[in-house]
Every structure is written in C-alpha cells, then in structure tokens.
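In order, the protein sequence lines correspond to chains A and B. Going by the working numbering, the first sequence opens with residue 17, and the numbers climb by one from there. Going by the working numbering, the second sequence opens with residue 50, and the numbers climb by one from there.
What the hints contain is simulated information worked out from the structure, not anything from laboratory work. Check each hint, because a few of them may be wrong.
Stated by the list, open to error - Simulated restraints, written as ranges between beta carbons of each label pair: (1) B:D290 x A:L246: 40 to 46 angstroms; (2) A:P331 x B:R302: 46 to 52 angstroms; (3) B:G343 x A:G285: 44 to 50 angstroms.
The beta carbon of each residue, even a glycine, is placed where N, CA and C say it ideally should be.
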Amino acid sequence: MKRLIVGSAAVLAVLCLLSLAIGSRAIPLEQVVRALADPAGVDPETAAIVGGTRLVRTLVAVLTGAALGLAGAVMQGLTRNPLADPGLLGVSAGAAFGIVVAAGVLGVSGLLPSIWFAFGGAAVAAVVVYLLGSRGRGGASPVKLAVAGIAVTYLLDSLTGGIALTDPEALDRYRYWSAGSLTGHDAGTLLVVAPFLAAGALLALSTAPALNSLSLGDDVAAALGRRLALVRLRGALAVTLLTGAAVAVTGPIVFVGLVVPHLVRTVTGPDHRWLLPSSALVAPCLLLAADILGRVVVRPTELDVSLVAAFLGAPFFIALVRRRRLAEL
Amino acid sequence: MLELSRGRLLFRLTRPPVSGVLRLRLAAVWLGAALAALLALCLTVALGSGDYALSPRGLLNALLGEGERADLFVVWELRLPRATVALLAGAAFGLSGAIFQAVTRNPLASPDLLGITQGAGAAVAAGVVLGTGAGLGLQTLGLAGALASGLAIYLLAWKRGTTGYRIVLVGIGVSWMCVSLTSYLLSRAEIHQAQRVLGWLVGNLNDRGWAHAGPPALALAVLLPAVLLLGRLQRTLRLGDEVAGGLGTPVQRTRLALLLCGAALAAFATAAAGPVLFVALAAPQIAQRLARAGTPPVTAAALTGSVIVLVGDLISQRLLADSVLPVGVVTGVLGAPFLLWQLARANRTGTGG
C-alpha cells in the first residue's frame with residue numbers, strides 16, 4: 017500500500033517533469049529544473065515556456081485528472097457498479113451541455129459564471145441517469161445504468177448539435193468544449209477552479225467510511241447506522257463538484273474515472289479509505305501520460321488529451337465487459 | 050377452414066395448401082402505417098421544399114408525367130427524390146431498430162446507441178477533414194464506417210458466442226471511440242469543414258437526388274426478404290439460447306445473420322440521410338405498442354420509421370422554414386422525451402438490461 021503511494025507519487029513527479037520538457041520545442045531536463053528553481057538563471061524564452069504555458073498545462077492535467085479519478089471512484093462505490101464513470105454515465109455531458117447552453121443561448125462568457133451552469137448540468141444529468149437506471153427490478157444494474165448514461169449523453173449531444181448548428185459562435189465554443197483540451201489556460205483558470213475542486217475532494221474523501229459500509233449492501237449499511245439518502249446526497253454532490261469543475265476547464269474526458277479505480281483496487285483492495293486517495297494520485301499520472309503521448313505521436317501537431325484517454329480507455333472498458341461477470345462491486 | 054379467436058384469424062386452406070395466423074390488430078396497424086406513410090409522402094411532395102406552390106390537380110398531373118415543365122421539374126427532380134430518400138431511409142432505420150431490439154432483447158438497443166451510426170460519423174469526418182477517400186463521397190464513407198463498426202462490435206463481443214448484454218456494452222465502448230475520434234477531427238477541422246461534417250452528423254435531407262435513393266432501395270429489396278425469412282428462427286431465440294438450440298435453431302449463426310442485416314440497413318440509411326437520431330429507437334417501439342405485440346413487428350416498424358422521417362422532414366421544411374434545422378434535429382428533439390419515457394418504462398418492466 018505504502019509502495020503504491022510512494023511509487024505513484026514518484027511516477028507523477030517524473031511525468032510532471034516530462035510534461036514540462038516535452039513539446040513543440042524540447043527542453044533538456046536540467047534546463048527545466050533550473051528554470052523552475054531559478055527563472056532568472058536561464059534564457060527568458062525557456063523560462064516563459066516552462067514556468068508559463070507548460071506549468072499551467074501540467075497543473076491543469078494534475079488537478080482535473082485527480083478530480084476525474086476521485087469522481088469515478090466515488091461513483092463506483094456509490095452505485096456499486098464497476099462501469100461507473102462521470103463520462104460514461106452522462107455527468108460530463110450534462111456539464112458540457114450546461115456550458116454550451118450558457119454560452120450559446122444566454123451569451124454567458126467567462127469561466128466562473130459558466131462553472132455554475134456546468135454544476136447544474138452535471139447534477140441534473142447525474143440524477144436523471146441514476147433515477148432512470150435504478151428503476152425497477154434488479155436496481156441499478158451495470159447494463160441499465162450504462163444504457164441510461166449513453167442515452168442521456170446522446171440526447172444532450174443532439175440538443176447541443178441543434179444549438180451549435182443555429183449559431184456559428186456557439187459552434188466554435190462547442191468544438192472547443194467537446195474536444196477536451198488542456199491547453200489555452202492561464203494561472204487564473206486554476207485559481208477559479210481550485211476552490212471547487214478542493215471542496216469536492218474533501219467531500220469525496222469524507223464519504224470513504226460510508227462507502228465502505230455501503231459496499232456491504234444497503235440493509236447492512238442502514239443497520240450500521242448510515243443514513244443512505246444522506247450518503248448518496250454527499251457522494252452525488254462530490255461527484256458534481258469534481259466533474260463540473262473539471263469539465264468546465266477541459267471539456268468532457270471519458271474513461272479516466274473508470275480505469276483508474278480498477279487499477280488501484282488491484283493493489284489497495286476494496287477499502288475506500290485507501291482507494292479514494294490512491295485514485296486521486298494515480299489518475300493524474302494517467303492523464304499526464306495521455307497528454308504527453310498526444311504531444312509525441314503526431315509531431316509536429318498534437319492529439320487532444322480526451323482522444324488519447326478515450327482510445328486508451330475504451331479498450332479497457334471492452335476488456336472489462338468481456339472479462340467480468342459484471343457482478344455488483 | 051377459418052377460426053376467429055381473440056383478434057387472431059387462423060386459416061387453413063386445402064388448395065393451395067397454406068395455413069397461418071393472421072393477427073387482425075397487426076394487420077390494422079400495418080395498413081394504418083402504410084396509409085400514413087403514403088399520406089406523408091404526398092404531403093411532402095406537395096408542400097415540399099419551398100415557395101413553388103402546386104395545386105392538387107397540378108401535382109397529380111405532374112406525378113403522371115403531364116403538365117407544365119416547371120411543375121414536372123419541381124416534382125420529379127426536387128421534391129419526389131427527397132421524399133423517396135426520406136421514405137426509404139426511415140424504413141431502413143425502423144427495420145434495423147426492430148432487429149437490434151429483438152436480438153439484444155433490449156428495447157433501448159438501437160443502432161444509434163450502439164455505435165453503428167457513430168462509426169459512420171467518424172468515417173465521414175475522417176473523409177472530410179483528412180481528405181482520405183475524398184473520391185468516395187459522403188455516402189460511401191458513411192456506409193463503410195457503419196459496416197466496419199458493426200463488424201468490430203460483433204467480433205469484440207464474441208467470446209464463445211455472444212450475448213445480448215455484451216453486444217450492448219461493447220457497442221457503447223466502440224461508440225465512445227468513434228465519438229472521440231469524430232470530435233477530435235472536428236476540433237482540427239477548418240470552420241467550413243466542421244460545418245459540413247456537423248451538418249451531416251445530425252441527419253439531413255437537403256439536396257437529395259435520385260442518386261441517393263438507389264442504394265437504400267437496393268438494400269431494402271435484398272435485406273427485407275432476408276429479415277422476414279430469418280424471423281421464424283428469431284422467434285425461437287426469444288425462448289432463450291438453450292431452448293432455441295434444443296429446438297434446432299443455429300443460435301449464433303442466426304444472431305450473426307440478423308445483426309449483419311440490421312447493421313447493413315442502418316448503414317445504408319445513415320449513408321443516405323445521415324444519422325437521423327432516435328428513429329431506429331422509436332419506430333419499432335411505437336409499432337409494437339400499437340400492435341400489442343411481444344416483439345417489434347418488422348414491416349410495421351419499417352413503415353412507422355418512414356412516417357417519422359417524412360413528417361420530421363416536413364416539419365423541418367415548413368414549420369421551421371426560416372431556420373436551417375435539418376430533420377435529424379427535429380427527430381432528436383421530438384425523440385428526446387420519448388427516449389426518457391422509454392428508458393423509465395423499460396427499466397420498470399425489467400427489460401432494460
């Protein structure tokens with residue numbers, strides 16, 4: 017367990033350095049370290065690239081990655097569903113739709129106002145998908161939730177398409193959000209989203225003991241004194257905060273929240289007190305690795321991180337579907 | 050010999066030696082849907098795309114090949130091809146949805162939720178943005194993409210046979226890969242390329258000519274009889290894989306053949322009209338509900354699909370004449386509440402998966 021945390025922290029540090037070094041202009045690692053330690057000691061251009069654009073990009077990847085990993089782990093625990101992921105279950109699509117409506121219909125611009133629309137969209141989509149997917153016999157089975165999630169996602173996409181088609185300006189923003197991008201942000205972006213992400217993370221981590229009791233089944237959890245409705249509300253609030261803020265910055269990124277908890281669980285076991293923080297540590301590694309890979313494979317241009325994440329994640333999802341009997345977690 | 054019981058007409062003739070069950074309600078639905086499709090077709094041709102007004106008599110004359118040249122041109126070159134494409138694509142979507150829903154035994158499993166149409170979209174986006182296969186045209190690209198993703202779904206879901214739920218989930222995985230590929234391509238595209246791809250991605254009947262009607266007509270002519278012949282085997286599949294196998298039905302081969310037909314129909318329809326959302330989902334369910342049948346009735350579903358696309362296109366042309374909303378947005382927005390209701394209902398009855 018300790019090894020996982022130390023190991024992934026080390027990997028994360030290395031990936032951060034690589035993320036600062038690799039790009040359209042490669043910068044040697046020792047230059048990167050020097051630019052961070054003493055910006056005046058290197059030439060100003062290098063200092064600007066490393067300390068400016070690439071540092072912000074790396075921090076955005078780390079923060080949103082952690083948010084998505086946490087959100088996925090909480091959703092999987094909350095729904096006892098191995099296929100839960102904010103992207104897959106329509107939460108990210110809800111957030112993106114909220115932003116597109118704000119931008120295209122209401123003419124809202126700027127990150128802070130649109131974040132609130134992202135929260136609204138994420139929350140509504142999460143509730144709708146969960147209610148639709150959990151009705152009837154068998155409760156919220158993986159297939160039912162996944163179908164409800166994909167259906168709501170396509171529903172929102174077709175509405176988004178309608179808005180985008182009638183308004184070229186909205187189309188431009190839609191392309192930006194739907195691509196899921198880490199670039200084009202400044203330090204101000206981080207300052208705006210950091211409080212929301214921090215609140216979401218604290219809320220998520222505080223649900224860990226409750227999620228542990230929930231994994232024993234609703235009846236046992238209730239017998240242990242958990243108030244189920246309250247636990248679900250707290251979890252849903254955490255997922256909404258984390259996903260909404262992450263999507264507002266990067267656009268929807270799928271499968272990071274699905275893959276990471278599964279990888280982590282093989283080491284930590286099902287204890288959410290370990291699973292949640294470890295997921296928050298491993299997910300940024302995955303997102304950063306995807307981002308770096310996207311910069312390397314199609315030089316001189318770049319692949320967007322959401323594409324790389326989906327391409328690495330979807331095969332994992334298919335393998336998961338093939339391997340497991342999809343019993344509830 | 051004739052026997053009438055609870056809405057069913059059992060008949061057995063000695064010469065010619067034919068026997069069967071005629072379900073009156075289904076027959077009524079079939080007739081009703083056919084009439085509605087014909088009516089919608091006439092309305093679409095008559096009201097058609099624009100300001101050139103035709104009297105009913107002028108329309109009839111033009112249809113018979115008489116009358117003024119302008120009338121003939123408007124009817125035969127502009128409005129009838131578009132309406133025909135709508136009719137054929139709608140029928141193919143409805144049929145395809147009926148097959149997918151029956152095979153996966155999930156009323157929500159339609160080609161647009163399983164990645165078939167998304168495969169077409171990814172191929173079209175790749176063709177437009179990257180310029181690969183530029184000589185092929187959007188139709189062929191869409192067709193190739195849809196067939197490829199259908200095949201990929203089947204192969205990936207194969208594991209000592211396939212099951213309905215694995216096809217559904219693998220389809221969702223494949224559709225995500227296609228969606229992300231498409232949005233990546235969109236993010237790279239020039240604005241005019243993006244508008245062209247996005248215009249195709251929501252299902253559009255503008256500028257459709259007779260050339261667009263040929264492929265789906267051919268596909269329907271070949272695949273509809275095949276589906277009807279496979280229907281007998283399909284009915285035993287409803288009893289479960291073991292029972293069907295015990296009754297001598299080749300379970301996996303029947304399922305593969307049906308899925309191939311369904312994917313091909315969705316592919317041809319998507320290639321002709323773009324991915325017109327929710328038609329494949331809604332048409333079989335509406336037909337099934339009207340006929341009070343246990344599974345989606347195939348031909349009635351096809352007719353219902355035609356009516357939906359024709360009426361949707363009519364709405365997009367007439368009611369929203371000033372905007373540029375294509376038929377796919379109309380069916381998407383009208384289909385949205387239906388989809389939500391259907392989701393809620395399917396899960397209440399425990400058939401959602």
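How the hints compare with the structure:
Evaluation of the 40 to 46 angstroms hint for D290 of chain B and L246 of chain A yields a pass: the beta carbon distance comes to about 43 angstroms. Range check, P331 of chain A to R302 of chain B: Cβ separation about 27 angstroms, and the 46 to 52 angstroms hint is violated. For G343 of chain B paired with G285 of chain A, a C-beta distance near 45 angstroms keeps the hint of 44 to 50 angstroms intact.
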